[in-house]
Amino acid sequence: MSNDVKQVNKVTDVIAVLRAGADFYEESISEAEHESVKQIFAKMMFEKKAAVEALQPFAIAEQGKKETGESIAVNVRNMYTKLAGMLSFDKEHTYVSQLEEVEDKTLEVIDEALEEDQPEVCARALNEIRSTMQACHDQMKALQELTA
Numbered sequence: 001m002s003n004d005v006k007q008v009n010k011v012t013d014v015i016a017v018l019r020a021g022a023d024f025y026e027e028s029i030s031e032a033e034h035e036s037v038k039q040i041f042a043k044m045m046f047e048k049k050a051a052v053e054a055l056q057p058f059a060i061a062e063q064g065k066k067e068t069g070e071s072i073a074v075n076v077r078n079m080y081t082k083l084a085g086m087l088s089f090d091k092e093h094t095y096v097s098q099l100e101e102v103e104d105k106t107l108e109v110i111d112e113a114l115e116e117d118q119p120e121v122c123a124r125a126l127n128e129i130r131s132t133m134q135a136c137h138d139q140m141k142a143l144q145e146l147t148a
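Just so you know, we're using full-length UniProt numbering here: the sequence shown kicks off at 1 and counts up by one.
The set of hints was computed from the structure by calculation and includes no laboratory data.
Keep in mind that this is a model prediction, so the values were computed, not measured.
Each hint can be trusted.
Subject to a maximum C-alpha distance of 35 Å in a straight line, what follows is the list of computed DSBU-like cross-link-like pairs (lysine-lysine):
#1 Lys105 with Lys65
#2 Lys141 with Lys38
#3 Lys105 with Lys49
Just the calculated beta-carbon pair ranges, DEER-fashion:
#4 Arg124 with Thr68: 22 to 32 Å
#5 Asp90 with Glu116: 37 to 47 Å
#6 Glu33 with Lys6: 46 to 56 Å
#7 Lys38 with Gln63: 28 to 38 Å
#8 Ala135 with Glu112: 17 to 27 Å
#9 Ala54 with Asp90: 27 to 37 Å
#10 Val121 with Gln39: 28 to 38 Å
For glycine and all other residues, C-beta sits at the position ideal for the given N, C-alpha and C.
Working from the sequences, and respecting the hints, build out all of it.
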């Protein structure tokens, strides 16, 4: 590789958060009480899984293999939510609130990757994914307000 070719950076971090978020949504579907909420969770899970697949070629460029790990921070939030959900009268709102926080974390880690000097094709993919994840965040924020 020549010195003038930009390296991919921090995409594996984005993938780890997206994977953990998708898993959290998948688990949350069974905890949701309303069918409309289950459908929103399923859509969010799908968007995150699609983003992971779109970013995997960049993970290979960054580390030489696909990223298969998950974010510890998101997994800890998932465990906390399960415990809080068991103690809460409104389990669905608890899940929605914590998933909205996962959306915040997702945007944060994408923004960190975008601050890096990425190859143009990688930056373009990250920007497209960020736009999709912003829409997911906004939808979860609205759902959080509705379930409050």
